[in-house]
Amino acid sequence: MGPERSVRGSSYLNRTAETTAPWKLCAELEYGGDRTFASTVEQEVVQTPPPEWAKVEAKILATLALPGCTEAGRAFLCKTLALVGSARSVPALAALVRETKTADAARTALEIIPGPEASAALRDALASLGGKAKAGLIGSIAARRDSAARPALAALKDNPAEPAVVRETAARALQCLATS
Amino acid sequence: MINQSPGSEITMPSTPSALTRRKFLQRSSIATAALAAPNVLPSRLFGQSAPSNRITMGLIGAGNIGTAHLDTLLGYKDTVRILGVCDVDRERRETAAERINREYGSNDCRPYADFRELNRRSDIDAILICTPDHWHALNAIDAIRNRKDIYIEKPLTLTIAEGRALVREARKYDRVVQHGTWQRSMKRFHDLVEFVRSGGLGKLEYIECAIGANNRHVGATWQPEPVPEGLDWDMWLGPSPWRPYTFFGCHYNFRFIAANASGQMTNLGAHCLDMGQWALAMDNSGPVEVEGHGDFPTSGLFTTPTRIDVTFRYANGVPMYCRTDLNVSGNNTSRFYGERGWLDIGYSKMSASDPKLLREMQAPNKQVKVPSSKNHYDNFFEAIRTRTRPIADVETAHRTTTVCNIGQIAMALGRKLRWDPVKEEFVGDEMANRLRSRPMRAPWALV
Chain W
1 MGPERSVRGS
11 SYLNRTAETT
21 APWKLCAELE
31 YGGDRTFAST
41 VEQEVVQTPP
51 PEWAKVEAKI
61 LATLALPGCT
71 EAGRAFLCKT
81 LALVGSARSV
91 PALAALVRET
101 KTADAARTAL
111 EIIPGPEASA
121 ALRDALASLG
131 GKAKAGLIGS
141 IAARRDSAAR
151 PALAALKDNP
161 AEPAVVRETA
171 ARALQCLATS
Chain C
1001 MINQSPGSEI
1011 TMPSTPSALT
1021 RRKFLQRSSI
1031 ATAALAAPNV
1041 LPSRLFGQSA
1051 PSNRITMGLI
1061 GAGNIGTAHL
1071 DTLLGYKDTV
1081 RILGVCDVDR
1091 ERRETAAERI
1101 NREYGSNDCR
1111 PYADFRELNR
1121 RSDIDAILIC
1131 TPDHWHALNA
1141 IDAIRNRKDI
1151 YIEKPLTLTI
1161 AEGRALVREA
1171 RKYDRVVQHG
1181 TWQRSMKRFH
1191 DLVEFVRSGG
1201 LGKLEYIECA
1211 IGANNRHVGA
1221 TWQPEPVPEG
1231 LDWDMWLGPS
1241 PWRPYTFFGC
1251 HYNFRFIAAN
1261 ASGQMTNLGA
1271 HCLDMGQWAL
1281 AMDNSGPVEV
1291 EGHGDFPTSG
1301 LFTTPTRIDV
1311 TFRYANGVPM
1321 YCRTDLNVSG
1331 NNTSRFYGER
1341 GWLDIGYSKM
1351 SASDPKLLRE
1361 MQAPNKQVKV
1371 PSSKNHYDNF
1381 FEAIRTRTRP
1391 IADVETAHRT
1401 TTVCNIGQIA
1411 MALGRKLRWD
1421 PVKEEFVGDE
1431 MANRLRSRPM
1441 RAPWALV
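So the sequence lines, in the order shown, correspond to chains W and C.
Each residue of the first sequence is one higher than the one before, counting from 1 in the working numbering.
Each residue of the second sequence is one higher than the one before, counting from 1001 in the working numbering.
Derived from the structure by calculation, the hints contain no laboratory data.
Note that the structure is a prediction, hence the values are computed from the model and not measured.
Cβ coordinates follow ideal geometry from the N, Cα and C atoms, glycine included.
Hints may contain errors.
To be verified - Below, simulated BS3-like cross-link-like pairs (lysine-lysine); rule was C-alpha separation at most 25 Å, straight line:
{"no.": "1", "chain 1": "C", "residue 1": "K1172", "chain 2": "W", "residue 2": "K157"}
{"no.": "2", "chain 1": "W", "residue 1": "K132", "chain 2": "W", "residue 2": "K157"}
{"no.": "3", "chain 1": "C", "residue 1": "K1356", "chain 2": "C", "residue 2": "K1369"}
{"no.": "4", "chain 1": "C", "residue 1": "K1187", "chain 2": "C", "residue 2": "K1416"}
{"no.": "5", "chain 1": "C", "residue 1": "K1416", "chain 2": "W", "residue 2": "K55"}
{"no.": "6", "chain 1": "C", "residue 1": "K1187", "chain 2": "C", "residue 2": "K1203"}
Unchecked claim - Examples of chain W residues lying across from chain C (beta carbon under 8 Å, computed):
{"no.": "7", "residue": "G68"}
{"no.": "8", "residue": "A82"}
{"no.": "9", "residue": "S140"}
{"no.": "10", "residue": "T169"}
To be verified - Where chain C lies over chain W, by a calculated footprint (3+ residues, C-beta under 8 Å):
{"no.": "11", "stretch": "25 to 35"}
{"no.": "12", "stretch": "45 to 59"}
{"no.": "13", "stretch": "115 to 124"}
In isolation and in its complexed conformation, chain W is listed as follows:
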């Protein structure tokens, strides 16, 4: 087992997380590679009762923070965070969603995790992303029916500097919010 690492400054993890195999191996997951360990982890996650979610959430976050976490590993871990994640996951995910390369994986969890913290992380990332990634981000905001995003979406819809995909997605997102 490697040394535990905090996830972007979350001291919470240092207290509770473990990254033993097969967890650690999830950070090394490769497309097409053996994923038996990931199946084991997935089973552990889905069978964890709600009172224990915080512990398993911490394990996921600790694994996600391991150096060299692969793209496939990140995607898998974010998918499991969608099942048990809480506001505790938001700082780590907020950092990932601001980067084009990792935004999709982060949204896999942020779009699903309940609470205002996740909504705020998605809204805040609007300033960091552009083009297609921004359109996807708007989709996540709309899926959460985040009415606090209305002013930002309205500005994007009418901003000629934004590409069409962003303006159009913002317009449709506003319609979603208007009818929800």
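Let chain W serve as the given structure and place chain C on it in line with the hints.
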């Protein structure tokens, strides 16, 4: 073409009665029952645009199933004209377009790489969608917003949230949506449903659905491969999570990869569970409890279960089982057990505990009547002409697909779940509720 722009109809001011093509289609569907009217009307009736009375169609997805649809649609030369075919695989779309043009003896059909371009054609009435499941909702919603009626392959959508969104859009834009659950247009299933609902089996005790398992094992690992020339892999993936291309992870096999579909639970379950929903008069509702177990491959490309064992329970206490049966091969069956015995109906065979039950089932004049359709395509075309709901309407489709999807979620979680079919949410299981939707890969969004 029926409709040109949102909320409008094509009016022809040069004609004495300002006859629109939509109005004509509505009228002609009534008239043709009594008159052998010519299919192509003189252009003077419509003014300069001289539209045909044929339904103009576009096809999204020209793979195995799409080609099967094409085989049939090309036989409807007097009814249908296919003007465009879309596929992200260049060879498939060009082959299909060439075939259509050859059959028609024209060059009217155009190939498209992007479904949105096809949907925006103002001279197309209806779109047939037979893409991988992860694309269904976005293909369909875009078509609906472009005022197209749609025939969509089963399962309706990949997720419960997508299904509800699609129903909402179909109703908002007043579009005809026919789901590819064609068993609703087979007489034997219609007879079965009326017989069961009329109490022909006595008190209904339970329903057993047997579906085949055809996941092929392609190894515990796989190798990313170069994307074949002419295939737009990014567009094939669309809203589903990115992964590298590999031969077995594309086209037909998408249904065994959880990122793209839900395996045989939705692929084959969409047919036989649909019969249960219909017989139980649950077309606007569903079960209240689901428990499932599945054998999920622990490694390899395919991630949907190879063996399925799911129990749905309805509010009236009737359970519906859906199980993998290696003996049924491709012929799914729905077996209904009642006080008087059982009836087992598949699309290529039927049997009963007593032959008398089969005879009674096929007899006319049952007490309870349900809408009937003799042919799934004809029913779709008639619904387009009359602006009525088809036999496998979108709400019905969403409800059946939801049954499949809650079964899949129950298997994934391996525990009994309570389902509220009114609120469309699980009761007391937060994790299950989180699986009702899936975030989409950028730039795609369910908005």
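- Message: Check the hint pairing C:K1416 with W:K55 against an upper bound of 25 Å on the C-alpha distance.
- Response: This hinted pair holds, its Cα atoms lying about 23 Å apart.
- Message: Checking one constraint from the list: CA of C:K1356 to CA of C:K1369, max 25 Å. Satisfied?
- Response: 21 Å, holds
- Query: Are three or more residues of the stretch 25 to 35 of chain W within 8 Å, CB to CB, of chain C?
  - Reply: It holds: at least three residues are needed, and the stretch 25 to 35 of chain W offers 5 whose Cβ sits within less than 8 Å of chain C.
- Item | Interface hint status, W:G68 versus chain C (Cβ within 8 Å) | 19 Å, violated
- Message: Checking one constraint from the list: CA of C:K1172 to CA of W:K157, max 25 Å. Satisfied?
- Response: 23 Å, holds
- Restraint outcome when W:A82 is required to lie within 8 Å of chain C by C-beta distance: 6 Å, holds
- Item | Hinted contact W:T169 with chain C - closest CB pair below 8 Å | OK, holds: W:T169 within 8 Å of chain C, min 6 Å.
- Under a C-beta cut-off of less than 8 Å, do 3 or more residues of the stretch 115 to 124 of chain W approach chain C closely enough to confirm the stated coverage? This one is violated; 0 residues, fewer than the three required, reach chain C with a Cβ under 8 Å.
- Under the criterion that the straight-line Cα-Cα distance not exceed 25 Å, is the pair W:K132, W:K157 satisfied? With Cα atoms ~14 Å apart, W:K132 and W:K157 stay inside 25 Å; holds.
- Message: Just to make sure I understand the rule, a stretch counts as covered if three or more of its residues have a C-beta closer than 8 Å to a C-beta of the chain. Does the stretch 45 to 59 of chain W meet that for chain C?
- Response: holds (count 3)
- Task: Report holds or violated for the interface hint on W:S140, using the least CB-CB distance to chain C and a cut-off of 8 Å.
- Result: 6 Å, holds
- Query: Between C:K1187 and C:K1203, is the straight-line Cα distance small enough, at 25 Å or below?
  - Reply: The given pair, whose Cα atoms are some 23 Å apart, holds under the 25 Å limit.
Of the hints listed earlier, those the structure fails to meet are numbers 4, 7, 13, in rising order.
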